[in-house]
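Grab the two chains, each in its own frame, and use the hints to assemble them into the complex.
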Amino acid sequence: MDTRLSNAPFDVEKIRQDFPILTRLVHEKPGRPGKSLVYLDNAASAQKPRAVIDAMANFMAHDYSNVHRGVHYLSQVATTLYEATRDKTATFLNAPSRDTIVFTRSATEAFNLVASSWGGTHLTAGDEIILSVMEHHANIVPWQLLRARTGIVIKVAPVLDDGTLDLDALADLLKSPKVKLVSITHGSNVLGTVTPAAEIARMAHAAGAKVLFDGSQAAVHMPVDVQAIDADFYIMTGHKLYGPTGFGVLYGKAEILESMPPYQGGGDMIQSVSFEETTFREVPHRFEAGTPPIVEGIGFGAAIDYVTALGMGAIHAHEQRLLAYATEKLRAIDGLRLIGTSPTKAAILSFTIDGVHPHDIGTLVDRAGVAVRVGRHCAEPLMERFGVGATARASFALYNTEAEADALVDAVRAVREFFN
Amino acid sequence: MFDDLRDLYQEVILDHGKHPRNFGKPESFNRMARGENPLCGDKINVYLTIDADGRVADAHFDGRGCAISQASASLMTETLKGKTEVEAEALFGHFHDLCTKDDHEHTDHGPLDPEAVERLDVLSGVREFPMRVKCATLAWHTMHAAISGDEKTTTE
Chain R
1 MDTRLSNAPF
11 DVEKIRQDFP
21 ILTRLVHEKP
31 GRPGKSLVYL
41 DNAASAQKPR
51 AVIDAMANFM
61 AHDYSNVHRG
71 VHYLSQVATT
81 LYEATRDKTA
91 TFLNAPSRDT
101 IVFTRSATEA
111 FNLVASSWGG
121 THLTAGDEII
131 LSVMEHHANI
141 VPWQLLRART
151 GIVIKVAPVL
161 DDGTLDLDAL
171 ADLLKSPKVK
181 LVSITHGSNV
191 LGTVTPAAEI
201 ARMAHAAGAK
211 VLFDGSQAAV
221 HMPVDVQAID
231 ADFYIMTGHK
241 LYGPTGFGVL
251 YGKAEILESM
261 PPYQGGGDMI
271 QSVSFEETTF
281 REVPHRFEAG
291 TPPIVEGIGF
301 GAAIDYVTAL
311 GMGAIHAHEQ
321 RLLAYATEKL
331 RAIDGLRLIG
341 TSPTKAAILS
351 FTIDGVHPHD
361 IGTLVDRAGV
371 AVRVGRHCAE
381 PLMERFGVGA
391 TARASFALYN
401 TEAEADALVD
411 AVRAVREFFN
Chain W
1 MFDDLRDLYQ
11 EVILDHGKHP
21 RNFGKPESFN
31 RMARGENPLC
41 GDKINVYLTI
51 DADGRVADAH
61 FDGRGCAISQ
71 ASASLMTETL
81 KGKTEVEAEA
91 LFGHFHDLCT
101 KDDHEHTDHG
111 PLDPEAVERL
121 DVLSGVREFP
131 MRVKCATLAW
141 HTMHAAISGD
151 EKTTTE
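Chains R and W are the protein sequences, given in the same order.
Just so you know, the UniProt record's numbering puts 353 at position 353 of the first sequence, and the rest follows in order with no gaps.
Just so you know, the UniProt record's numbering puts 51 at position 51 of the second sequence, and the rest follows in order with no gaps.
For reference, chain W alone in the conformation it holds in the complex (with noise of 0.2 Å):
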């Protein structure tokens, strides 16, 4: 009945949105927001390591949203480990533009760490689907309020 949801709901999506991995508020952080997206009800709290070279050196996230929400921020936890506070901001606006808009619209946000550009972008096929691009944006859009300082946000 759903098969031509498949491009949507990939195997990997489904995974993460099951079994979401750095699930849960850590002992430590020293940066966390709360982001919410009013239409659905979603809530979800992102928590960042950000260590003294200004690398992201642990990222959790929890809260409760569809499988969408969920899966983008357990992949999107994942792949912030490591990378520089600038670097993080240059995925979301690449990530952004992943949900929003055809590859040759993308704009340049500067250097991109190719693999994590590579595992996001099995959540392009919400570009299809724009009642549900603020479900995979909320996460990076926390993640975004969260380093710059903002303890809540939403994605209206």
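Okay, chain R solo, but in the shape it has when bound (with noise of 0.2 Å):
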């Protein structure tokens, strides 16, 4: 049986006591008691359990060195601690090999490498590539800097009225001769989507063209293999996954990294440098230039050690359970909409309630405790596309309750008649 599938009994109570932000109180003041901490703003990034914690903080206390080029003791203790990351994410991601998987500082970092070295090289003017409206803006300005400089073209898949991606619509921008890339998110961090990424690859080389997955929200949410969606590329990133910030991953199949060029130059990423020629070192390494992100690499093993424990399997049911308890909860709200009601969704809730700016549902709900994100989510096109300025967005995790469901909706409850 795949172990991601584990079908131990998910004990979401004794889960919390791994994470030790969420017994704390927030607004206390003297004379007022605090309220408990309901986090829903996951999708922004996740807290962090005792496991990761404690490997960064004993691995700078007792393992510390650089990595990659020390011949002494520490430095070879680092470099397979750091290294063995490198394992667990190709696990993690059932990719083929562990040299099909860069490190790089951010999700948001893996596309710009991806669209310099890989759009910078393989792609000419008069190129297309197909993104969707949902995107991030992390998965748009760095196509469209690119634009700037070859002179490529950008299309948009749209999405339909419940949030679902137009396969249709994406069908048709296929049919063009000139794409050569679809970089589209698994899953979306306003409206929850998760796309069917094994058809849009199917789709996307049919075409001809080559496909890449932003799985920023979806990988922490559900068991991705990159080989069974046959995704070209795959990016993900370690703080939304309970690891710490600064870490990103991005997968890429090894004909097409050792086919691009480095991203950036430095050290570490190269085999000799004279002033006269340098020459670069194998994939995945020539795309680490400079010192990499060591501890964070340490704590972002542990977050997979630690999810792989509890099954991405069950952490997907336990979401889905919470999605479909906060849904119905939700929608029996008089003025409430959602946002995004795919039939195939993470548990990411976006709404608006008429006649109050989700800027001041972010401020009522959070005095009772409940931690939402509002504003554009950094998905601005996608605002527009559903005519609204911004939403409110409670996203869950593997650690969240129902009675933290039922604390969000009797928090925008209480918006409603405030501002009534």
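FYI, nobody ran anything at the bench for these hints, they're computed from the structure.
Keep in mind it's a predicted model, so treat the numbers as computed, not measured.
A virtual CB, placed ideally from N, CA and C, is assigned to each residue, including glycine.
Fair warning: there could be bad hints in the mix.
To be verified - Just so you have them, the derived chain W footprint on chain R, three or more residues with Cβ under 8 Å:
1. 361 to 368
2. 373 to 380
As the list claims (entries may be wrong) - From the structure, some residues in chain R lie toward chain W, with a derived Cβ separation under 8 Å:
3. His357
4. Met383
5. Gly389
6. Ala390
7. Ala411
8. Ala414
9. Phe418
Here it is in structure tokens:
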């Protein structure tokens, strides 16, 4: 059996004890009792389990050194531990080889790497790439920068009214022989929509295009198998997977990575340097210039161990229960509009309330201890698509509970009354 | 549930937020600017009619935003009328202090209309909410841009 689909009982109360921050109170002041934290801003960044915090602290206390270069004892220890994260990441994504895993400092950097290195050498003026209207700015702006340099053309696949990717429209866009890349989210950070990655890849490949998936959201909510979906590139980030900030992952098919020049130049990515000529290291190190985020890599490895032990399948099932529960409760509130109701979605709920601006919703529910994100969520074109200036967004994680969904719903009801 | 938020959302603010005064693009005006708060996506336009004496004869605004930004814009248009450009800028300086500093830290912005100062005081609760200061000051930044002849401004 695939251990990532573990069927062990999912004891959320026990799991919560792994996250020290979840017991803290917020808005505590002399004479005023604090409120229990109800953390529903996980799509922005998730909280960290003790295992991640300890792994990073222990590494710095006992095993820290620079990696990949020293002959001394600690350098070898640190290198072994840091590189173990590459194996864990490959297993986590079911990548065929550890050498297909490139470490970056963020998902954003991974997009810039692909746009600059792959796009800069494989795309020329007039070539088309297809994005979707629900992309995060990180999967829009790097391509616009590339467009300014090379004259590529950016096409945008729309979504249906429920937030599902419009596959018919995507098929139409793919009829153009100039399409070289489809770069699309595997899970929308605003709508929660999970896209049919395998089908998108099949469509893109049939049209002769490569496909890149933004897994920043999807990879934390469900098992991902980059070979099964036949992704050419897959990008994810550490801090949304209960790991530290400053760490991102780019998976790329070996032959594609081999075809790409370095992204940044510096130490660690070279074989030999002279002022006349420099030769570069093999993939993936070619793309990892400079001292890497070593401590963060250790923390990310611990985060993968943590979620793997729980089972991504079990995490997905738990979050889907929360999604169904919270959706039903929120829907019962008069004047509340859910933005994104695709039948396949992750536990992310964006909403607006008639007559109440999302910013006011955010400030009010925060006083009840409920942390949500309000605003445009780095997805301004999507806000335009749904005719809203901003939304409030509650996003659930493996440690959230039905009681917390109730706390959100109670607070939202109270917001309605406050502004009535 | 939200009793301690009444300092921020006073009745006057809720009223102006829901029923903003001087809302909508007027038929005539001679200064305008567009303001944007990139943090939340709020956008407003401020339209001023400055008469030959350099006084604000009329002030309007439109756009969308939270209760704080709408109420602040509404109250601003009311307090601006009849003020000279210099007086309007002085009020902006005072209002900015009101939103960001304790009373004893306020700087001297020159003579201020005591009635306007009193009206604007309802927004002083914003001081306790650093993330919301820009909501309250967006309209004023935009007014300042209109007077200075900058057509676009942001609170960033």
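The hints, checked one at a time:
1. For the segment 361 to 368 of chain R, the proposed coverage by chain W is satisfied: 4 residues have a C-beta within less than 8 Å of a C-beta in that chain, meeting the threshold of three.
2. Residue count for the segment 373 to 380 of chain R with a Cβ under 8 Å from a Cβ of chain W: 4. That meets the three needed, and the coverage hint holds.
3. Look at R:His357: its Cβ gets to within about 4 Å of chain W, closer than 8 Å, so that hint holds up.
4. Given hint, R:Met383 at the interface with chain W, holds; its Cβ is 7 Å from that chain's nearest Cβ, closer than 8 Å.
5. This hint holds: R:Gly389 has a C-beta 5 Å from the nearest C-beta of chain W, less than the 8 Å allowed.
6. Hint status for R:Ala390: holds, given a least beta-carbon distance of 5 Å to chain W, under 8 Å.
7. Nearest Cβ of chain W to the Cβ of R:Ala411: about 7 Å, under the 8 Å cut. The hint holds.
8. Here the hint on R:Ala414 is kept, as its CB sits about 4 Å from the closest CB of chain W, short of 8 Å.
9. Taken as an interface hint, R:Phe418 checks out: its beta carbon lies about 6 Å from the nearest beta carbon of chain W, inside 8 Å.
Checked against the numbered hints above, the structure breaks none of them.
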